[in-house]
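Chemist: In this text, residue positions in the sequence shown follow my numbering: the first is 28, and each later residue adds one.
Derived by calculation from the structure, the hints in this document are not laboratory data.
Careful: at least some of the hints might be erroneous.
With a straight-line cut-off of 20 Å between C-alpha atoms, the simulated EDC-like cross-links for lysine to aspartate or glutamate are [said to hold, decoys possible]:
| # | residue 1 | residue 2 |
| --- | --- | --- |
| 1 | Lys259 | Asp120 |
| 2 | Lys231 | Asp120 |
| 3 | Lys297 | Asp120 |
| 4 | Lys326 | Glu200 |
| 5 | Lys297 | Glu114 |
| 6 | Lys297 | Asp111 |
| 7 | Lys231 | Glu114 |
| 8 | Lys53 | Glu200 |
| 9 | Lys297 | Glu200 |
| 10 | Lys228 | Asp120 |
Simulated restraints, written as ranges between beta carbons of each label pair [as the list claims (entries may be wrong)]:
| # | residue 1 | residue 2 | range |
| --- | --- | --- | --- |
| 11 | Ile255 | Leu122 | 17 to 25 Å |
| 12 | Val61 | Val116 | 27 to 35 Å |
| 13 | Ile180 | Val108 | 43 to 51 Å |
| 14 | Ser347 | Lys259 | 42 to 50 Å |
| 15 | Thr113 | Thr257 | 38 to 46 Å |
| 16 | Leu126 | Leu100 | 40 to 48 Å |
Backbone N, C-alpha and C define an ideal beta-carbon position, used for all residues, glycine too.
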Amino acid sequence: MNPQQTNSNSGIPAGNAEQTAVKADKHGRLVGNVSMFVAKTFSGLNENALKFLLPTWMNAFTGVVLRLGFGSLFFWILGWVRPDKTEQVTMRDRLLLLLTGIIAVFGYMYTLLIGLTYTTPISSSIFIALQATVVYIICLFLRTDRLSTGRLIGIVLGIGGALICILTQKHSEVASNPLLGNMFCLMSTFLFSAYLVIEKKFLKRLSNATVSKYTFSGGLLAGIVAVIITGKWFAPVLTSSVFSTPFLVLAFVLLFPTSLSYLLTDVGLKKLPATVVALYSNWILIVAAIVSYALGQDKFSWWQILSIILIIFCVFLVESAEAKDHKQK
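Given the sequences, and given the hints that come with them, work out the whole structure.
Modeler: Printed below as a string of structure tokens:
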């Protein structure tokens with residue numbers, strides 16, 4: 028074949044077109060990886076910030092409503108400032124996204140905040156780091172991924188690490204009911220993993236702002252209904268000084284982990300496979316562990332360290348299998 032043979036559709040030489048496609052793919056993956064690194068750094072700090080606020084300055088219901096309310100406003104404004112006139116959003120899309128928000132987004136945030144009320148940021152992050160494994164399991168059930176030896180070993184190690192955390196953590200001044208808190212955190216991991224898989228499908232044809240504004244709005248609706256039914260609204264943080272530590276911590280949570288982190292996660296989902304996006308939950312664990320020990324929000328435990336090692340190795344095995352599959356494709 029003549030190396031200068033042109034592509035029949037674009038008129039670009041075939042060799043140049045292939046090189047351009049490779050460069051575009053590498054650039055897209057770089058953007059996706061940088062976005063996820065920054066997003067999950069915010070998410071790691073979010074664990075420590077929420078632990079500081081809960082339950083003294085707000086309860087779980089209040090925290091969810093504040094986060095989803097601010098996030099909804101952020102993404103609706105973003106959609107208005109940067110409209111995508113080419114996308115076509117059907118009524119079915121809107122309803123499905125709202126339902127995803129009601130179940131997955133509200134459920135994830137509520138169970139995470141309840142979990143952090145009773146356990147520590149490190150323990151919570153251990154379960155968050157399992158997201159890659161859970162996403163892979165969901166993809167197996169949906170038959171969009173295949174089983175491999177490395178991934179199977181990774182799943183076993185991940186489950187082992189989670190069980191060590193659940194069974195060995197004791198009641199302390201930094202964890203009032205670790206078993207209950209860890210079970211809620213485990214539930215939040217399943218909900219967020221399902222959210223990643225669902226959102227990945229919508230992001231193939233809809234913009235970040237469109238997807239997030241409807242999912243956040245659905246979650247906000249569920250949160251408001253929950254507060255009305257239970258009457259559990261508790262938010263002394265809102266009456267504190269604007270320059271007080273609690274208010275500044277809340278402002279950080281609303282702006283960075285809630286809004287910018289989700290926006291960057293959407294960018295990552297557009298550029299990377301859902302399983303790779305979930306792998307960045309491992310970075311949340313590392314950030315939360317460093318900050319927790321520095322701030323005294325957790326106490327050192329060899330069992331906890333063993334659990335972290337198993338989770339990291341689990342993520343490494345799943346990531347290696349994912350990278351191998353991507354290279355073959």
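Chemist: If a hint holds in the structure, say so; if it does not, say that too.
Modeler: Hint-by-hint comparison with the structure:
Taken as a hint, the lysine 259 and aspartate 120 pair is broken in the structure, with Cα atoms around 32 Å apart against an allowance of 20 Å. A hinted pair counts as satisfied when its Cα atoms are at most 20 Å apart, and lysine 231 with aspartate 120 qualifies at roughly 13 Å. Of the pairs offered as hints, the one joining lysine 297 and aspartate 120 holds, with about 18 Å between alpha carbons and a cut-off of 20 Å not exceeded. A distance of roughly 10 Å separates the Cα atoms of lysine 326 and glutamate 200; the hinted pair therefore holds under the 20 Å criterion.
Using a Cα cut-off of 20 Å, the hinted pair lysine 297 and glutamate 114 holds, with the two alpha carbons roughly 15 Å apart. At roughly 15 Å between alpha-carbon atoms, lysine 297 and aspartate 111 fall within 20 Å of each other, so this suggested pair holds. At most 20 Å may separate the alpha-carbon atoms for a hinted pair to count; lysine 231 and glutamate 114 meet this at roughly 11 Å. Taken as a hint, the lysine 53 and glutamate 200 pair is broken in the structure, with Cα atoms around 48 Å apart against an allowance of 20 Å.
Between lysine 297 and glutamate 200 the CA atoms are separated by roughly 42 Å; this puts the pair beyond 20 Å, and the hint is violated. A threshold of 20 Å between alpha carbons decides the hint, and for lysine 228 with aspartate 120 the separation of about 11 Å falls inside it, so the pair holds. Checked against the given bound of 17 to 25 Å, the beta carbons of isoleucine 255 and leucine 122, roughly 22 Å apart, stay inside it. Judged by the Cβ atoms, the range 27 to 35 Å given for valine 61 and valine 116 holds: they are separated by roughly 28 Å.
At roughly 47 Å, the beta-carbon separation of isoleucine 180 and valine 108 lies within the given 43 to 51 Å, and the hint holds. Roughly 44 Å separates the CB atoms of serine 347 and lysine 259, a value that falls within the hinted 42 to 50 Å. As the Cβ distance of threonine 113 to threonine 257 is approximately 43 Å, the hint placing it in 38 to 46 Å holds. Between leucine 126 and leucine 100 the beta carbons are some 21 Å apart, a value that contradicts the proposed interval 40 to 48 Å.
Checked against the numbered hints listed earlier, the structure breaks hints 1, 8, 9 and 16; every other hint is satisfied.
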